[in-house]
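A.B. asks: Construct all of the structure, not just a fragment, from the sequences and the given hints.
The primary structure of each chain is shown beneath.
Number of protein chains: 2
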Amino acid sequence: MTEAVGSLTVGVDIGGTKVEATLVDPDGRVIASCRRDSGAHLEVAAIVSELARCVDELREQAGGREIGAAGMGVAGQIDPDSGVVLDSPNLRWHKVPIRELVQEALGMPVTVTNDVRAVTWGEWKCGAGKGVSDLLCVFVGTGIGGGVITGGLLLTGSTGVAGEVGHTVIDPNGPLCRCGSQGCLEAHAGGWAIGLRAQQAVEAEPEAGSVLMALAQGDSSAVTAAMVSQAAHADDPLALRLVAETGEALGVGVASLVNLFNPRLVILGGGVIEGLPELIGTVVEGVQARALPSHRAEVDVVGAKLGRYSGTVGAALMAREGLTG
Amino acid sequence: MTEAVGSLTVGVDIGGTKVEATLVDPDGRVIASCRRDSGAHLEVAAIVSELARCVDELREQAGGREIGAAGMGVAGQIDPDSGVVLDSPNLRWHKVPIRELVQEALGMPVTVTNDVRAVTWGEWKCGAGKGVSDLLCVFVGTGIGGGVITGGLLLTGSTGVAGEVGHTVIDPNGPLCRCGSQGCLEAHAGGWAIGLRAQQAVEAEPEAGSVLMALAQGDSSAVTAAMVSQAAHADDPLALRLVAETGEALGVGVASLVNLFNPRLVILGGGVIEGLPELIGTVVEGVQARALPSHRAEVDVVGAKLGRYSGTVGAALMAREGLTG
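Residue numbers (our numbering), protein chains in the order written: chain A, 1 to 325; chain B, 326 to 650.
FYI, nobody ran anything at the bench for these hints, they're computed from the structure. Just so we're clear, the structure is a prediction, and the values are computed from it rather than from any experiment. The reader is advised that the hints may include incorrect statements.
With the Cβ distance kept under 10 Å, some of the chain B side facing chain A (calculated, not the full set) [as the list claims (entries may be wrong)]:
| no. | residue |
| --- | --- |
| 1 | Leu478 |
| 2 | Cys509 |
| 3 | Ser546 |
| 4 | Leu585 |
| 5 | Ala616 |
| 6 | Val624 |
Covered stretches of chain A, as calculated for chain B (at least 3 residues, CB under 8 Å) [claimed, not checked]:
| no. | segment |
| --- | --- |
| 7 | 160 to 169 |
| 8 | 262 to 276 |
Covered stretches of chain B (in silico footprint by chain A; criterion: 3 or more residues with CB under 8 Å from a CB of chain A, positions within the stretch not fixed) [said to hold, decoys possible]:
| no. | segment |
| --- | --- |
| 9 | 400 to 412 |
| 10 | 488 to 495 |
C-beta: ideal position from N, C-alpha, C; glycine also.
C.D. replies: If you want it as structure tokens, here you go:
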């Protein structure tokens, strides 16, 4: 914790479709939050302005307390030293010097990290993983990201981009992934992939797809993962099949991660898991069926606890500690 | 380094088919070595006696210098605190208190670790990974094991069994694995799996399999991975196809590991790689084709340097440092 960091910090989450800023006190409590849809194709400059407006709103709610720093989570690979987003397939960013841009716009020190690494930090410091020194977070939103705490340390890797759990190949002949590879976990179970698979299923089987088609108001290309959740909870057989496939893929992926990292705890979160919490049970089954006996005996799989604030609280706490990993 | 550790240490490797003990000086130099085939089904007591005879031989070659400790690498999952082998599918051991048994037989302090973790330690301290603080070792022998150094620390996991790179699923509908799961990297590219795949191919395509069949003296069930190497180097098309499939599987698996761990270096070793060093090039291609741009740009893939002594030198050096991870 550095002296320069004031009593409050802001955590920022720039995801595939939203900008969110949360004002957090030193204990990780949320003072106020501001969320705006950014759409999938917003330009960097527009996102930064949107964010600056959010932080202005938060300043008004800070009750005169100083906001000393901001921490940002970005969906993608970040260079921790320069704060440059190296690659963000979901934001379609490549080599964007986001820390510099945001520092200038907000007039305060900014740290940048991968969004799910920020989530991991938040869940570890004050969520489902509090007190656990070996855990991994798998967050299933538009994409799939992850963070790893091992021996009480955040795994960063040689250039700060470790933990890309969504881009482990679970089937080399599987669907194309946004990253350019094929058969990644994300290409099976990320929100965009569930939506795409649903669209293809609706087109291939119009009768079975009638419920999803109705939810999408007759436009098969508008079917989303959220609609699949909704239809599954109304017992639509096609949606249930898509959910089962998603759970199977997640189980396979998480079992491999359990064998690799030997965590005490796996925390599952993100929009897809929030919409389909029953996936947690399917992942438990997958881990028990596929992980090594010595590994599966010791691991719990649970849902994230901080909900919609986990990423921003984590980013705010990381900024406070001056961490940029 | 503890005072109790004398000037020489012994490193022991108990693999699927052999017992090996190497006498090592404080700088990791090999003074003498002793290797005996144990066969695949040797009982624990017989392996321990074999080992004790090996160490007696080494004592004679120590030139009067004290042997202060032994470090063992065992193919399987080890509990680092108790020195119990929790599970070793290749040795068919389950909950074997090997440290206790070997300590009694040798009359010196013994540390036990996973065999590939010992190899990783050796390659890191005085092999291909010297001076690199983020690396991973993938060793392809009878099975496939791995070890991870991240931020200058050996990854151990919550119960000391992290790093099971051979048991990451690369195809959920792939071949059955010895671990009980399906489609693990080891079930595609481990020595036993290459042999099995070759046997099946020879039976399914007797004409194409004639070269392998001749090497196996007419017994298709006797075809091994070593024979596949030999036939491939004589340009046998079936063997070349089996090698290509093996390389493809390793490339997929290593690309996922690169995305997860963001290493600076991947070290490939083990009997299969020693027999087919051209696989290293195939893995490089797989990583370049499949890993994320920000990850593949920073990683080198090289062969192990310590060769047949890497495991025992690593285990001896770990024993010296009093490490049991």
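A.B. asks: Next step is simple, just say for each hint if it's right about the structure.
C.D. replies: Hint-by-hint comparison with the structure:
| no. | hint | in the structure |
| --- | --- | --- |
| 1 | Leu478 | holds, 7 Å |
| 2 | Cys509 | holds, 8 Å |
| 3 | Ser546 | violated, 28 Å |
| 4 | Leu585 | holds, 6 Å |
| 5 | Ala616 | holds, 8 Å |
| 6 | Val624 | holds, 8 Å |
| 7 | 160 to 169 | holds (count 9) |
| 8 | 262 to 276 | holds (count 3) |
| 9 | 400 to 412 | holds (count 3) |
| 10 | 488 to 495 | holds (count 7) |
Hint compliance for this structure: hint 3 alone is broken.
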